[in-house]
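Sequences and hints are given; from them, build the entire structure.
From first to last, the protein sequence lines are chains A and B. In this text, residue positions in the first sequence follow the numbering used here: the first is 1, and each later residue adds one. In this text, residue positions in the second sequence follow the numbering used here: the first is 1, and each later residue adds one.
Hints listed in this document are in silico derivations from the structure and should not be mistaken for laboratory results. Model, not experiment: these values are computed from the prediction. Some hints here could point you the wrong way.
Claimed, not checked - Just a sample of chain A residues kept apart from chain B, beta carbon distances all over 10 Å, derived: (1) L4; (2) M59; (3) I92; (4) I150; (5) R155; (6) E156; (7) E159; (8) A181.
Claimed, not checked - If we take Cβ atoms under 10 Å as the criterion, some of the chain A residues that face chain B in the derived model are: (9) L107; (10) T111; (11) V116; (12) L117; (13) I170; (14) F184; (15) A185.
Quick reminder that beta carbons are idealized off the backbone N, C-alpha and C, glycines included.
Next come the chains, spelled out residue by residue.
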Amino acid sequence: MAELITLAFAAFITENVILSQFLGICPFLGVSKKRSSAMGMGFAVLFVTLLSSIVTWSMYRFVLVALELQYLRTIVFILVIAALVQMVELVIKKISPALYKALGIYLPLITTNCAVLGVALLNIDKNHNFGQMLVYSTFIALGFMFVMYIFSMMREKMEFSPIPNAFKGIPIALVVAAILAMIFARFGGIV
Amino acid sequence: MNQKENFLKGFIKENPLFVSVLGTCPSLAITTSVENAIGMGIAVLFVLVLSNWIISMLMVNEKMREWIKPVRIPVFIVVIATLVTVVEMVMHAYLVSLYESLGVFIPLIVVNCIILGRAEAFASTNKPVSAIVDGAGMALGYTFALLLISLVRELLGSGTLTIWGDLSLNLRFLFDFLRITPIDMFTKPVGAFLTFGFILAVITALSNAKQAKLKKAVK
Numbered sequence: 001m002a003e004l005i006t007l008a009f010a011a012f013i014t015e016n017v018i019l020s021q022f023l024g025i026c027p028f029l030g031v032s033k034k035r036s037s038a039m040g041m042g043f044a045v046l047f048v049t050l051l052s053s054i055v056t057w058s059m060y061r062f063v064l065v066a067l068e069l070q071y072l073r074t075i076v077f078i079l080v081i082a083a084l085v086q087m088v089e090l091v092i093k094k095i096s097p098a099l100y101k102a103l104g105i106y107l108p109l110i111t112t113n114c115a116v117l118g119v120a121l122l123n124i125d126k127n128h129n130f131g132q133m134l135v136y137s138t139f140i141a142l143g144f145m146f147v148m149y150i151f152s153m154m155r156e157k158m159e160f161s162p163i164p165n166a167f168k169g170i171p172i173a174l175v176v177a178a179i180l181a182m183i184f185a186r187f188g189g190i191v
Numbered sequence: 001m002n003q004k005e006n007f008l009k010g011f012i013k014e015n016p017l018f019v020s021v022l023g024t025c026p027s028l029a030i031t032t033s034v035e036n037a038i039g040m041g042i043a044v045l046f047v048l049v050l051s052n053w054i055i056s057m058l059m060v061n062e063k064m065r066e067w068i069k070p071v072r073i074p075v076f077i078v079v080i081a082t083l084v085t086v087v088e089m090v091m092h093a094y095l096v097s098l099y100e101s102l103g104v105f106i107p108l109i110v111v112n113c114i115i116l117g118r119a120e121a122f123a124s125t126n127k128p129v130s131a132i133v134d135g136a137g138m139a140l141g142y143t144f145a146l147l148l149i150s151l152v153r154e155l156l157g158s159g160t161l162t163i164w165g166d167l168s169l170n171l172r173f174l175f176d177f178l179r180i181t182p183i184d185m186f187t188k189p190v191g192a193f194l195t196f197g198f199i200l201a202v203i204t205a206l207s208n209a210k211q212a213k214l215k216k217a218v219k
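What follows is the structure, encoded as structure tokens:
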């Protein structure tokens with residue numbers, strides 16, 4: 001249990017997907033201008049990461065290893081994720097139009113979000129068992145959501161700040177991200 | 001547009017990293033040494049040139065194009081993922097240390113937006129030869145951008161420049177001369193965000209100045 005808590009904390013703060021592993025930087029810079037869209041993306045990533053981690057992990061353990069086709073993992077994983085995202089989109093559209101309205105536009109973007117494929121691959125590289133895989137994927141996605149939330153609020157505030165012309169937009173966002181990364185890295189001593 | 005312009009546009013005018021801000025994840029993660037940047041650049045060059053070529057070959061025929069169009073994204077992804085797997089296997093076999101330091105970012109070339117972006121925006125509507133030239137230009141432009149970031153980070157962060165394997169320059173005497181130590185922060189995530197942010201700001205400032213000059217000339 002203690003080991004799982006350490007894993008969760010590391011995935012959430014010290015090994016944060018965005019600020020220390022640099023996965024999912026595109027949505028981090030692209031859809032963080034408004035809090036509502038940042039949260040929408042966060043929920044979509046949580047949903048898809050969890051689902052795709054379970055599917056790809058089982059696929060690797062029970063199909064690819066049994067057939068000795070481990071080298072095909074990149075191709076198989078990306079296809080599984082792309083198919084999964086399409087399916088999730090169809091299912092959500094049918095079952096809950098309200099949820100579809102909230103997440104719909106973010107779902108197609110997720111296929112090329114490196115966080116999703118990255119977590120699927122890291123679960124294999126780190127040799128996680130089923131429980132560790134669940135905890136790791138959940139907390140990585142929650143960490144993504146948490147950083148998106150903080151960052152989007154900072155960007156909303158920055159809209160009204162006097163920023164030099166050259167820094168407007170992405171450059172100042174990166175500088176702010178650097179400060180956030182510094183804060184998150186300091187938590188490393190706890191684990 | 002002739003082939004030369006087609007090749008050169010990737011470096012400055014349409015630089016994938018600095019102008020379109022695509023493929024940011026590896027540019028922040030693996031730029032801790034110049035060697036990593038070169039390795040990543042070569043991997044992207046290989047994948048992008050071949051994927052552009054294969055995709056434009058697939059789409060050059062009218063009949064094929066009609067047939068592939070509705071499922072083109074999955075088709076592109078399969079082509080790219082296959083090429084990435086080839087790169088991954090070759091690197092694992094011959095360049096083990098580079099393979100280990102690039103880590104998960106080699107398979108993640110699949111989701112690098114530059115490659116799918118060029119397939120969709122250029123290769124699928126152009127002839128194979130121009131697609132290859134475009135791919136080479138874009139990949140080298142990306143490599144150039146990665147090199148710039150990694151030069152700053154490695155020099156300031158550890159005081160060395162690792163070019164390839166054992167071939168490295170030790171520039172610590174410069175730091176000794178100035179009586180300072182290398183700034184460790186630049187090898188950490190903080191340094192990645194800061195370096196990239198400041199380089200982008202310099203580029204924005206330069207292009208703003210250029211535009212202001214053009215406006216003055218028009219007036």
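Hint check:
no. : hint : in the structure
1   : L4   : holds, 22 Å
2   : M59  : holds, 15 Å
3   : I92  : holds, 20 Å
4   : I150 : holds, 14 Å
5   : R155 : holds, 14 Å
6   : E156 : holds, 19 Å
7   : E159 : holds, 18 Å
8   : A181 : violated, 4 Å
9   : L107 : violated, 14 Å
10  : T111 : holds, 8 Å
11  : V116 : holds, 8 Å
12  : L117 : holds, 5 Å
13  : I170 : holds, 6 Å
14  : F184 : holds, 8 Å
15  : A185 : holds, 6 Å
Consistency with the previously given hints fails for numbers 8 and 9, ordered from lowest to highest.
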